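A.B. asks: Here are the chains, one letter per residue:
2 protein chains.
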Amino acid sequence: MLKTHSTPDPASAGRPAVDAALFREGMSRVAAAVHVVTTDGTAGRAGFTATAVTPVTDDPASLLVCVNASGRTAKALIANGVFCVNTLGIGDVPVADAFAGRANLQGQDRFALGTWGVLETGAPLLLSSLVAFDCRLDDARLVASHYVIVGRIVGVRLGEEQPALAHQGRLYHRI
Amino acid sequence: MLKTHSTPDPASAGRPAVDAALFREGMSRVAAAVHVVTTDGTAGRAGFTATAVTPVTDDPASLLVCVNASGRTAKALIANGVFCVNTLGIGDVPVADAFAGRANLQGQDRFALGTWGVLETGAPLLLSSLVAFDCRLDDARLVASHYVIVGRIVGVRLGEEQPALAHQGRLYHRI
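Chains as they are written, first to last, in the numbering used here: chain A, 1 to 175; chain B, 1 to 175.
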């Protein structure tokens with residue numbers, strides 16, 4: 001039996017999207033830099049490994065990060081209102097693994113790997129990073145399971161030149 | 001040699017962020033996949049080369065693209081309400097250059113390079129792409145000079161396996 005539903009707009013939010021497995025397979029082909037995004041403040045220190053980071057505009061210098069809304073880091077980042085995006089070089093695979101939860105290190109213990117400092121916001125800066133962007137939270141918008149977080153960049157630190165770390169095809173690569 | 005730059009007084013939202021040249025230098029170190037984002041519909045066919053693309057969530061499968069709000073493509077994409085993100089393989093550097101405005105081809109003429117099809121939305125699909133994500137516009141939010149465009153993915157096409165094209169340090173790379 002056919003049912004007719006009034007669908008005035010084909011772009012309606014009710015339309016099914018592609019399934020998660022196909023989405024992930026497709027996205028695994030998209031190369032990306034590897035970052036560790038950190039925060040510190042009254043809600044505590046936290047961090048996670050991210051590839052979903054992009055610049056937004058250069059005036060004012062801004063970037064965005066997508067982060068799972070259910071995690072502790074998202075909550076801490078939003079409560080603290082500051083974060084640092086540390087873009088990793090090839091030498092920091094162990095740090096990437098730790099902050100992705102692949103090294104059996106929880107919470108604060110992850111910061112035992114790497115050498116850390118701060119710029120102006122107090123969010124942890126990985127001293128070996130290829131570049132770090134110190135940010136103040138401008139906006140956090142929930143899109144289903146994830147926040148799209150826009151940060152105003154208040155400090156940039158160019159680290160020592162080195163090959164960049166990228167991720168593609170479910171593998172790390174040196175660029 | 002390490003360089004550290006930051007603005008002196010973070011607390012005031014009215015203060016300038018880091019300058020555009022430093023932002024661009026920092027972002028040039030961030031590796032990214034290279035995509036051609038296309039649209040078609042009542043507002044016409046258009047496309048541009050983008051690196052500011054990230055997945056957002058897998059349920060519903062969604063991605064986002066940052067696009068300069070002043071360009072013709074942004075206006076067409078929003079008016080058409082559909083777009084296709086074509087993630088390029090190593091063979092499509094000429095297409096990347098053309099849609100970045102580096103090949104002396106304007107507007108429609110850019111589509112003379114490459115072989116194109118469509119999935120469900122009608123936005124041009126580059127048949128040689130490593131993967132393509134066919135999207136319906138979910139949201140377009142203006143952040144200063146750029147739109148952050150969230151798309152609901154309604155189709156994914158996995159192209160032939162091939163090395164991915166990445167951009168880092170102001171150069172193309174093969175991954």
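Keep in mind that a hint or two might mislead.
You can't tell identical chains apart in this list, so a pair holds if it fits in one copy or across any two.
Calculated lysine to aspartate or glutamate pairs in the DMTMM-like style (CA-CA distance at most 25 Å, straight line) [what the hints assert, rightly or not]:
no., residue 1, residue 2
1, Lys75, Glu160
2, Lys75, Asp109
3, Lys75, Glu161
4, Lys75, Asp59
5, Lys75, Asp139
6, Lys75, Asp19
7, Lys75, Glu25
Since the hints were derived computationally from the structure, they do not count as laboratory data.
The structure displayed is predicted, hence computed values, not measured ones.
A.B. asks: Hint by hint, say whether it matches the structure.
C.D. replies: Evaluated hints:
| no. | hint | in the structure |
| --- | --- | --- |
| 1 | Lys75 <-> Glu160 | neither (32 Å within a copy, 40 Å between copies) |
| 2 | Lys75 <-> Asp109 | within (18 Å within a copy, 47 Å between copies) |
| 3 | Lys75 <-> Glu161 | neither (33 Å within a copy, 38 Å between copies) |
| 4 | Lys75 <-> Asp59 | between (27 Å within a copy, 20 Å between copies) |
| 5 | Lys75 <-> Asp139 | both (13 Å within a copy, 23 Å between copies) |
| 6 | Lys75 <-> Asp19 | neither (27 Å within a copy, 29 Å between copies) |
| 7 | Lys75 <-> Glu25 | neither (28 Å within a copy, 30 Å between copies) |
Violated hints, listed in ascending order, are 1, 3, 6 and 7; each of the other numbered hints is respected by the structure.
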